[in-house]
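Asker: Residues 1 to 286 (the working numbering) are what the sequence shown spells out, left to right.
Because the hints were derived from the structure by calculation, they are not lab data.
Hints are supplied without guarantee of correctness; some may be wrong.
[Claimed, not checked] Keeping only pairs whose Cα atoms sit at most 16 Å apart, straight-line, the calculated EDC-like set for lysine to aspartate or glutamate is: (1) 286 - 270; (2) 198 - 172; (3) 198 - 155.
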Amino acid sequence: MDKPAKNRIIRTVVRAVLAVLTVVFGFTAVSGRLPDDRPDGFMRAVFFDAGEGDCAIVICGDSVVVIDAAEGGSEQAIGYMQRLGIGHVDYMIVTHFDRDHAGDVPKIMNEFSVYRLLMPEPVDTSIFAYRNIVGGVSGEEIIYARTGQSYVCGELRIDVLAPNAKAKKDNETSIVCRISRGGKAVLLCADASAAEEKTMLSKYGSSMRSDVIKIAHHGSDYSSSDDFLRAVSPSFAVISCGRNSYGHPSMRVISTLKALGADVAITQGDGVVIYDIFPDRVERKK
1 MDKPAKNRII
11 RTVVRAVLAV
21 LTVVFGFTAV
31 SGRLPDDRPD
41 GFMRAVFFDA
51 GEGDCAIVIC
61 GDSVVVIDAA
71 EGGSEQAIGY
81 MQRLGIGHVD
91 YMIVTHFDRD
101 HAGDVPKIMN
111 EFSVYRLLMP
121 EPVDTSIFAY
131 RNIVGGVSGE
141 EIIYARTGQS
151 YVCGELRIDV
161 LAPNAKAKKD
171 NETSIVCRIS
181 RGGKAVLLCA
191 DASAAEEKTM
201 LSKYGSSMRS
211 DVIKIAHHGS
221 DYSSSDDFLR
231 AVSPSFAVIS
241 CGRNSYGHPS
251 MRVISTLKAL
261 GADVAITQGD
271 GVVIYDIFPD
281 RVERKK
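With these hints in hand, go ahead and build the complete structure from the sequences.
Answerer: Given below as C-alpha cells:
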C-alpha cells in the first residue's frame, strides 16, 4: 500500500473515532435516561450542541418531535434517541432549508421511521437541502406549514405561529412553533426575523407565553426584540450557536432575557441542554 493511500485510511479511521467520541462523551455531564418516576404528561425538551446550527427534540410519552437537524450536527441527537430506544419520529419539523437547520434531515429519515414532515413551502425548489429531503421521501407524509395550523401528537399540541404566507426570503419562511401539553409550553423560533416577530406579536400577543424558548437565529441582535421576549415571558431560554463571526449571541438579547428573570443556556458553552417539564414545574438538568 502506498503512503498516500495509507494516510487516507488513517484519516478516515480518526474521523470515525472522533465521531463516536462526540456522540458518547457529548452526554457525560447529563444522563440520557428519562426519570423513572415521571408523572403523566411529563415532557422532555433536548437542545443538542449542533455548532452554529439547530437540532432539538421534544418527547412526551410515546410521542417524538424532532425540530431541525443541522448539517454535521445530528450525531448527538441520533445517538441520544437510539440510547432511549426510540425508533420513530412522529413529526420531523424542518423550520426552513438553510443547511444549518436542514442539512442532516435525511440522516434522521434514514435512521428512524419518520411519519410526517412539517416544513414551509420553499421559496426556491432548487435549494439543495429541500431537494435532498424530498428526494429521500419514501412514505412520509409531507405537510406544508401555514400560520394558524395546529396538530395533535399524542398528548402534545403543535401550534404553528409563523411563517407569513407572503414571505419571500428563506429565513422569513421559518416555522415558529409552540409545542405544549396542558399548561406547559416550549416555543421554538427557528431563524425568525424581526418582521416575523412583529407579525406574531400583533396576532398572538401574550398567548405566546411559554416556559421555555429557543431563541431565534442563534441569538442574533436582529431578532428577539424586547417586546417579543416580554410577551413570551420565558422562565428558561436556550440559544443554539457555535463559534462564529456574526456576533452571536447578542449581549442585548442575553441582558433582556436575564432582566425578565429567565435562566439562559448557550449550547456553545453549556453543551447539550435538557429541560424536564413536569405538569407543575420545569427543571433544567445540569
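Asker: Can you confirm whether the C-alpha distance between residue 198 and residue 155 stays at or below 16 Å?
Answerer: Distance of about 30 Å is beyond 16 Å: violated.
Asker: Hinted pair, alpha-carbon criterion (16 Å max): residue 286, residue 270. Please report holds or violated.
Answerer: holds, 9 Å
Asker: Given the hinted pair residue 198 and residue 172, is their Cα-Cα distance within 16 Å?
Answerer: holds, 12 Å
Of the numbered hints stated above, the single one contradicted by the structure is hint 3.
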